[in-house]
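Asks: Chains A and B, in that order, give the protein sequences.
Numbers given in the numbering used here equal positions in the first sequence, counted from 1, plus 268.
Numbers given in the numbering used here equal positions in the second sequence, counted from 1, plus 2.
Simulated from the structure, these hints should not be mistaken for laboratory data.
Take the hints with a grain of salt, since some may be wrong.
Unchecked claim - Simulated restraints on C-beta separations:
hint, chain 1, residue 1, chain 2, residue 2, range
1, B, Lys138, A, Glu423, 52 to 60 Å
2, A, Leu352, B, Ser88, 36 to 44 Å
3, B, Lys138, A, Phe443, 48 to 56 Å
4, B, Thr209, A, Leu570, 27 to 35 Å
5, A, Ser547, B, Ile146, 28 to 36 Å
6, A, Thr493, B, Leu225, 41 to 49 Å
We put the CB at the ideal spot given by N, CA and C, even for glycine.
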Amino acid sequence: MSALAPERPATGPVRPRPRRPAGIGDRLTLRRAAPMIPAAVLLVLFMAGPIIYSLYLAFTDKAIRGDGASKTSFVGVSNFTDALTDGDFWNSVVLTILFTLISAVIGQNLLGLLLAVLMERANRVISFAITSIVIAAWILPEVVAGYLLYTFFAEGGSLDGILGLVGIPPQTLLFSAPIVAVSFANVWRGTAFSMLVYSAALGAIPGDVQESAAMDGAGPMRRFTSITLPLLRPALATNLMLITLQTLSVFGLIFIMTGGGPDRKSQTLPLYMYEQAFSYGQLGYGTAVALLLLLIGAAASLVYLRLLPEEEKR
Amino acid sequence: MTSTAAADAASAPASPSAASVPGPTTARTRRGHKGGKGPRERTAELASSLAMIVIGVAFLIPLLWVVLASFNESATLSVSWPEKWSLGNFRAIWNTETTFRPLGNSLLLCGGATIVTMVAAVLCAYPFSRYRFAAKRPLLLTVIFATGLPITAIMIPVYSLFVQVNLIDSMFGAILFLGASSLPYAIFLTKGFMDSVPVEIEESAWTEGAGVLRTLWSVVLPLMRSGLSVATIFTFVGMWGNFFVPFMLLLSPDHLPAAVTLYTFSSQYGQVAYGQLAAFSIFYSLPVVALYLIMGRSLGTGFAAAGGVKG
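Full structure from sequences and hints, please.
Replies: In structure tokens:
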């Protein structure tokens with residue numbers, strides 16, 4: 269609490285800005301910190317609490333029914349060793365990484381960048397109409413998006429109908445390659461975010477830099493790779509980090525579209541976690557899986573932080 | 003470093019709040035510098051427009067399905083023009099059981115949680131924005147870190163805790179949790195908007211003897227009204243679409259919001275009536291679409307800029 273304590277006995281010179289009226293820019297006192305209490309209570313009870321509790325839960329055999337339900341006991345790291353030796357767990361890890369790579373790192377990221385670049389050049393009316401459609405896909409509730417994309421990919425759905433027009437047989441992606449179908453669905457739903465991030469970042473690149481490079485004879489491709497891309501690096505790193513964290517934890521979209529199936533072929537970690545914790549009632553084991561999911565997210569974030577230019581890391 | 007400063011100054015009109023200046027506008031001013039369009043630029047414009055149309059059509063098809071199917075009583079999974087337009091699907095779900103109660107629950111859950119979030123966020127952001135203290139930077143970093151925390155990953159312990167304190171299936175508990183889970187981002191956004199309100203105006207209020215809450219309510223908040231509405235609407239839209247939290251924490255049909263009843267829609271009626279599903283999806287999506295139309299692009303751009311570029 270020392271940080272919140274009223275002014276400490278003079279350490280160093282007198283306050284640097286003596287002419288400021290009392291109150292603003294001043295040290296935080298206990299009374300002045302009072303407005304922070306509601307937020308602090310909420311965050312401690314509902315965020316910090318569950319996180320700390322999960323560190324305990326992951327090492328127990330807590331269950332909804334069966335042995336761990338009546339009497340919960342400490343089981344050490346066996347939840348983690350169980351997970352790491354379970355084929356279904358590794359199946360989910362691989363699918364989660366595939367899902368994140370296809371839908372976020374490649375799909376949303378590149379398509380978002382492409383759209384942001386295109387909207388600077390395209391006809392303004394067209395650009396406005398198309399970006400509105402892309403953003404509409406983004407703001408729709410997750411369950412609605414799940415159903416819409418389900419009908420698009422389902423047997424006898426829109427995709428088959430369109431492919432049929434050009435003579436391609438039905439694909440039934442939901443059965444043959446469900447992870448690809450849900451990845452496309454996530455691209456559909458999430459691209460708007462990357463597009464908006466990149467559009468804002470491109471707008472902040474001063475036009476005269478591009479112009480003087482053009483005058484020096486740099487073509488559009490050259491200007492993009494040696495001016496635009498380097499200047500986009502901070503936006504690129506933060507965007508990648510945010511969409512990766514988001515995509516790693518996608519649940520509803522896949523749950524609605526495939527439920528993780530058929531035969532676990534689209535069961536990413538959040539769905540595996542859900543199945544273990546609620547279908548099989550193993551709360552302790554499910555929590556251990558959730559912690560491993562967080563670990564993957566943290567590792568990905570560290571990688572992206574290295575993409576940031578030095579001065580941005582602070 | 004004067005060149006950088008000059009460049010900053012040059013882009014100043016575009017950069018201070020991307021919220022008010024969407025991408026296309028900056029593109030226009032840049033193009034304006036060069037004067038008229040050459041043939042080369044016209045080709046680029048045409049090619050870019052065509053590429054956008056192709057991408058846009060792909061994005062449009064699923065959206066088209068929901069609109070067309072909702073007016074088609076014999077809708078199938080594939081997008082198709084209704085042979086007979088009718089309001090039958092909307093009429094079929096126009097009752098308390100299917101539509102009004104779930105939507106009312108959504109409103110109660112998300113409206114309540116939005117109020118919880120925004121009141122706590124504004125109160126918390128003020129000391130953050132206005133006072134100096136040693137723990138400020140670590141606390142702020144914690145808040146930013148928490149914004150990236152996947153809520154999905156903590157739902158099992160939350161469920162387990164809620165069972166123990168008997169908050170499962172309690173609207174009150176769900177509101178508090180949903181409110182708390184959106185709090186980090188709301189604090190982060192609100193503090194950013196508050197930082198841009200000049201301190202000088204408050205100083206006169208302070209010298210006149212107004213207290214913290216008084217100053218906040220009558221001086222600071224009115225000056226950050228637009229930022230505050232962006233944060234509020236964004237918080238609400240995020241909660242409105244949230245499926246996992248109410249799916250885990252609420253059980254009885256009396257409490258379930260539209261997000262969850264839409265999921266049970268198909269199982270409830272056996273044979274899925276796709277037209278009715280589409281009609282309900284439209285009712286359920288209408289509020290967020292309306293808020294988006296009211297806010298215009300500033301909702302998305304402002305949020306993406308705050309979260310992505312500064313983040």
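Asks: Hint by hint, which ones does this structure get wrong, listed from lowest number up?
Replies: Of the numbered hints given earlier, those the structure breaks are 2 and 4, listed in rising order.
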